[in-house]
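Asks: Residue numbers (the numbering used here): 24 to 156.
Just so you know, the hints here were simulated from the structure itself, not pulled from any lab data.
From the three backbone atoms N, C-alpha and C, an ideal C-beta is built for every residue, glycine too.
Warning: the hint list may mix true and false statements.
Claimed, not checked - Pair by pair, the computed Cβ-Cβ distance ranges are:
#1 146 - 57: 15 to 23 angstroms
#2 75 - 98: 34 to 42 angstroms
#3 113 - 62: 32 to 40 angstroms
#4 66 - 98: 17 to 25 angstroms
#5 60 - 128: 17 to 25 angstroms
#6 118 - 154: 19 to 27 angstroms
#7 106 - 77: 16 to 24 angstroms
#8 119 - 62: 30 to 38 angstroms
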Amino acid sequence: MVLPRRLALLNKHVTNRALRHLVGLGPFAEIEHVGRRSGGTYRTTLLAFRDDESVTVALTYGSDVDWLKNLRAAGGGRMRLRGDLVILGAPHAISTAEGLSRMPVGPRQILPLAKVGEFVEFPVLSVRRPTRS
């Protein structure tokens, strides 16, 4: 079971906007994607965990979310994470065990309680660090 669709809609239209100021702090990230039909650019705030070669995201609303569909259709996208601009390759699903193993202790304990078992991995193609002036 994933979190309710109504909560996803609330987050999409209200919470994401309120959390944008946290992007760059800890695991808060902003993923940029282009609409499959509209061609518009969208940004979604989420929690992402990066190692050297990949970024892992727990799919708290399941895999039937617009941002993931858009990134699959485009073969990747961009993410602002910890102050870096990370260029991502095409997402692919990973097992629950693998996804949980990549989470820090807090999320690793909470996600199973919320019955979240879907995870996606994005290969990191490149990283742009902001220049300091």
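Asks: A separate judgement is required for each hint: does it hold in the structure or not?
Replies: The hints, checked one at a time:
1. 146 - 57: 15 to 23 angstroms: Taking Cβ atoms as reference, residue 146 and residue 57 lie about 19 angstroms apart, which means the hint holds.
2. 75 - 98: 34 to 42 angstroms: Violated, at about 21 angstroms.
3. 113 - 62: 32 to 40 angstroms: Given about 19 angstroms between the Cβ atoms, the range is violated.
4. 66 - 98: 17 to 25 angstroms: With Cβ atoms ~18 angstroms apart, the hint holds.
5. 60 - 128: 17 to 25 angstroms: 40 angstroms, violated
6. 118 - 154: 19 to 27 angstroms: 39 angstroms, violated
7. 106 - 77: 16 to 24 angstroms: Check passed, 18 angstroms falls within 16 to 24 angstroms.
8. 119 - 62: 30 to 38 angstroms: 34 angstroms, holds
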